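Given the structure of chain Z, go ahead and fit chain V onto it with the hints provided.
Protein chains in written order, with the working numbering: chain Z, 1 to 278; chain V, 10001 to 11099.
These aren't lab readings, by the way, just hints derived from the structure by calculation.
Incorrect hints may have been included.
[Stated by the list, open to error] Taking lysine-lysine and the DSSO-like style, the derived pairs with C-alpha atoms no more than 27 Å apart in a straight line are:
#, chain 1, residue 1, chain 2, residue 2
1, Z, LYS265, V, LYS10121
2, Z, LYS223, V, LYS10808
3, Z, LYS96, Z, LYS69
4, Z, LYS39, Z, LYS73
5, V, LYS11030, Z, LYS178
6, Z, LYS114, Z, LYS96
7, Z, LYS178, V, LYS10808
8, Z, LYS33, Z, LYS70
9, Z, LYS202, V, LYS11061
10, Z, LYS256, V, LYS11030
11, Z, LYS104, Z, LYS46
12, V, LYS11061, Z, LYS265
13, V, LYS10808, Z, LYS262
14, Z, LYS167, Z, LYS178
Just so we're clear, the structure is a prediction, and the values are computed from it rather than from any experiment.
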Amino acid sequence: MITKKYLLLFVIISFTSTFLVNAHGNLTIRINKKTSEIKLNPNNSKLYYERGFLYHQHEEYDKAIKDYKKAKKLGFTDKLLYYRTAESYYVWTKYKLALKASSKYLEIDNIDVKINKLHAQILFELNRLDEAVQYYTLFLDNVVDPRPGDFVELSSFIIASQKDYPKAIQIIDKGLEKLGENVLSLRLKKMEYLKSSKQVDKVIEEYNYFILLYNRKEFWYYKKAKYLTEENRLPQAKISLQFAKIAVDQLSPKFKNMQSIKKLKENIINLEQKINHL
Amino acid sequence: MKKLITIKKLLLAFTFIFICNSMFSQTVIDNENFEGGVFAGTIWNDGGSDCRIINGVPPNSNYALELTDNSGSGSSAYTSALDLSTYTSVSVTFDFQTSGFVGTDDFYLEYSINGGTTYIKIGDYNIDASGTQFTDGTQYLAENITLSTNAGFSSTIFRFRSSATSGPNELDILYVDNVIITGYTSTDTIIDISVNTSSDDAEEDVIGGAMDLTSSDLEICDDGGTNQYVGVRFDNISIPPGSTINTSYIQFSSDDNDTTALTVTITGIDADDTPTFTTTNNNISDRIDGDITSGTTATVTWNPSSWNNNDILAAQQTPSLNAIVQEIVDRGGWSLGNAMGFVLTSPSTNERRTDTWDHDPNLAPTLHVEFTLPTPTPTAEEIPAGANWRYLDDGSDQGTAWTASAFDDSSWSYGIAELGYGDTQVTSVGFGPDPNNKYPTTYFRKEFTITDHTAWNSLDVEAIRDDGMVVYLNGSEIWRDNMPVGAINYNTYASSPEISGTDETTWITNNVTASGLITGTNVIAVEIHQQRAASSDISFNFKLTPSVLPVGAATVTRGPYLQTGTSSSVIVKWSTNNPTESIVNYGTSLGALSSTESDLTPKTKHEITLSGLTPNTKYYYDLENSSGVYLPESSDMFIITAPTIGTDTFVRAWILGDPGTEGNGTYPGDQKSVRDAYYAYVDETGPTGSITNPNQTDMVLFLGDNAYNSGTQSEYQAGFFDVYDEILKNTVAWSTLGNHDGYSVDFNTQSGPYYDIFSFPTAAEAGGTASGTEEYYSFDYANIHFIVLQSNNVDGGGNEPAFNTAQKAWLTTDINATTQDWIVAFFHHPPYTKGSHDSDNAGENGIFTMREQYLPILEAGGVDLVLSGHSHSYERSKFVKGHTGLSGTFNPAQTTSGGHTVGANGNLSGRTDYDDLFDGDILNDGAYLKTDTDLDGAVYITAGSSGKATGADFDGENPYNGPSTLPVMYYSAEELGSTILEIEDDGSGGQNMNIKFLRETGTIDDYFTINKSGITLSTGSNDLDNGNIKVFPVPANSLLNIDINQGENLKNIKIYDALGKVVKETQNKQINVSSLNAGLYIVQISTDKNEYFKNIIIE
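Isolated chain Z, as found in the complex (with noise of 0.2 Å):
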């Protein structure tokens, strides 16, 4: 006799067991496909290669290496095997495994670009922070089209491994060069940095280029304030608040009654009221 109890748990199991077979909806029908290939082709070693690939982007680690690991025993040696299979393992965070993986990418193709990137980020996890830096300054150096993020990543390595703060924010102001001088999270970056280095009047330089950068300056003048008063300089800090005030009092109604300038305004009366009582 099945008890309640066991009802319930049996329908628990079976949506539980539903979510995990439609899991991905079309990636679960690519994977199935595949694997019906390879029942027709069981010694096609590039099957498994492909299979291993989807199953990483379906996020079952597991598998994927598996298939990675099944496709290299049966011939497959395109060096792209190796690359695929530090990235699972990277992903999977089993950084020695994908160091080793990694590593054998590079004694076959050490300038191909992207596996630079992804060796400096295992290097980074498994603490070898000055490797990291190294083969993520080789991969930024040779990538025709980077995106803001890389800027930010190695910016961070060098930061980790050597709390070199005007090298970190060099490798930022080449992006800036690069990508153009208004990204945004390069600038957050490198505000961030002046920050953490104290270079005070930078910061506010920062804050200041926002402010004349946008139409909409209410956020930027209570976020100069807010560090103006972490930093102590009550006077500016004050000046700031007002232009915030203002800039918020000339919003048309539309905007000053959004949640997000709502909160703000909350938030400018609150740090009014820290500053007048510092």
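Frame of chain Z; chain V shown alone:
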């Protein structure tokens, strides 16, 4: 027979050679006299029961190898595998003597290069007249057989095998002794050219001159009593002028057993480039008797020995033809790639019968030549295939200087192409000492002269490259194939996959600009890169021919299409079949395209930015190159610039989600039926009838998965450009990246078709905040702010990807910086869906993250509409806010009651009026409302059914249309269709955003409106009088006055600019501000009791 042909084919590839007049270095690989008495310690192995080493036997009365009778491999002895790949030839010298061999008894020397699976005979010793004849019981010393070798001989096994048929009481014994294996390395270039067409081996009846071009055999030189001339011709001979011929002969394949004596005279055809034979009588003899051409002065006499059928051995080789070949090559008109011919004559009635090309191309006559190359000289006006190239194969780092025309390459080696190793190259190059770690890069250079470079505007180039290649003309890169993008150096490997199969011998072609060509001597420099260190081969051959692209040669193969349109600029992109200049002529009326933008560097993928345009203006355009207009102006080729940012005007956007099923041919017709329904909708003459502003589409928004299955270039062509070409040439397209588009891109390097095809703003070129990447960006159009997010890479398997952090930070700043009236966001993965994807399924990459992390930012910033695809259905939400959990958490009560719907009708249809299309079954319960004081609420639409409608599971019915079982949704349909966004004036100072779901049938199955009041901005007032203090006048331009309450005393006044800098400080109540720049300032007034801040405007 099949097996025989296979063996013959192999023999042609690894032909015997005679070593004469050539420059060789030699290495004794093994010298074995068997005096050890056992196989152990030698390279030789016991083949079986009829093999042993025995003492006191012939041929030298000491130890020797003994093979008995014929028991297959049991009657053989074989060597261990030898690496002969570094030699150009190897000789095997041995002593032998037989005992008891009679009749057809014979023995062989054979080799195998496949581990002993198959053996190829290179010594065929016969007791009878066939093969190399010998006499039983006779001592033979220092027999020598030579084999030409190459990189394919890295694992070679030799074996002696007895094939003596033993009779009753008969013992047949072969003794072999003093076996010496010697490797030779020749500096010669060796070529083997076979007859390559039916008419290049022919016979001519001596009496009457009748020609036969298609016979299956060549009878030299008598065919059943008919005496005949035999002609053979070899084309595309890679011997440059100035070469010295060291070895040459023709190798025939026997087609009969022939034993009778015969003397043949071989004469060369004394012509620079003798043409193929024809059926005209006497066409062979006329080439040596002066009627067409004469014969060479040099002739060769050949007395062929007896031969067996089906052999391609020494007996079937002519004597040395060096004198003849040299005489032809020395002709003044001889050049690389020409043809040469030979005529065989004999008065004898005896014959030797050989195979022809018509019998089997694999058995056709072959000309073997070994020659010493002259120092390379520039070729004239071209580089032919098989040219004499300088090369450097020492694995060194040559930097970039080696590509320059002035570079001194005189110390480099040289050789005839095809150059390489591991294949059937003409010239073998080195790969270093370690076969498992071959040099990644081999360098090649070739000079050629051009009489007048102005006569050419393009270069036709072809190459055989294995694996990757970069080509430079006079130091500038002109072609790159199978190599990564970016900087290349001597350690760079070629891209994956490795070149293999027929790709190793296929000529790839390209046409490049001749802009780098100069009159005089030019240099082509090529670097060939291995794909991996242990790869077995590289290959290189190259052709260059200057050419002139005729007028109108360029035709458009893709586009034109428009990108990143703003109120003053637009990008025009297109592709052409040939490289050509990029010129766009444009103007505000047809026939008057008075403005031009151009990029004169020839290319096939074109991108031109038109700037300085007037807002909201129609410009016509055409496409031109230096030869003229090749895509003329027309009424449907135009650009309408965006209105000035902030303008409230009518706007229509066409929205397509997951449309690209034509990309891989699935769901045929579905994508186009959706398209055609929209075209009919906007067509004022179409079936939809009267609509507001017909024929106006201001933009097309693609929600991702634009080309199935993987977003490759060919899939984009079929599923995107070929489908939407009509609208893309006059309407700006914007897109977000879908998961299928992501299959063919490399996010790490931002490369691949999606990045190649689209050009989106990265530096806020179209408004918004600079993101630095095309993956996420924003743009302003009229009074709408569009935010485009990338939802593919927001999950990180437990750790938040840096990408996600950066994108969220950008979004927060961007949405809080806009001053636009409307905010529309789109990304691929839908926050809510029960279509082909399930937003309750935690395994759905992207969906949870977008809902949980991005929706709060969007809603706090005032987003009005969010569009997604991914699920192949149409699902439209109610007017909601704050629903970031699973569907079970949705509470339809209004937000004021703690629920998720917004406003009095937020849980209803959002429809402003009754719609005839709905037969009254759905209520018209009023638009969703946003006012200046109530700004919450957004509608979420999953609109991924523009190419197929599949996979939905709304309630188990299929198809299902109507109120959704997903609580947040108002309407769901598993139906094909597209979505239309229209913004129009509401007649009351506000605007309506009307959204329609247009089915492929032309019906509108869902619609709703968001009404927003207060679009016309009111001017705020500055109240500077708070009772205690008064600042006036505001705005000020000369004197600013401060009045202070009588109970307080002024201490100080400071005026700050917008950056917080003090620009004035005074204790006076009247301040001269005329020197200040116009703008906003803050006045800080300090009294003995209070501190006041007032903002002022200086004009």
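*Broken hints, numbered, in rising order?*
Violated hints (numbers, rising): 1 and 5; every other hint is consistent with the structure.
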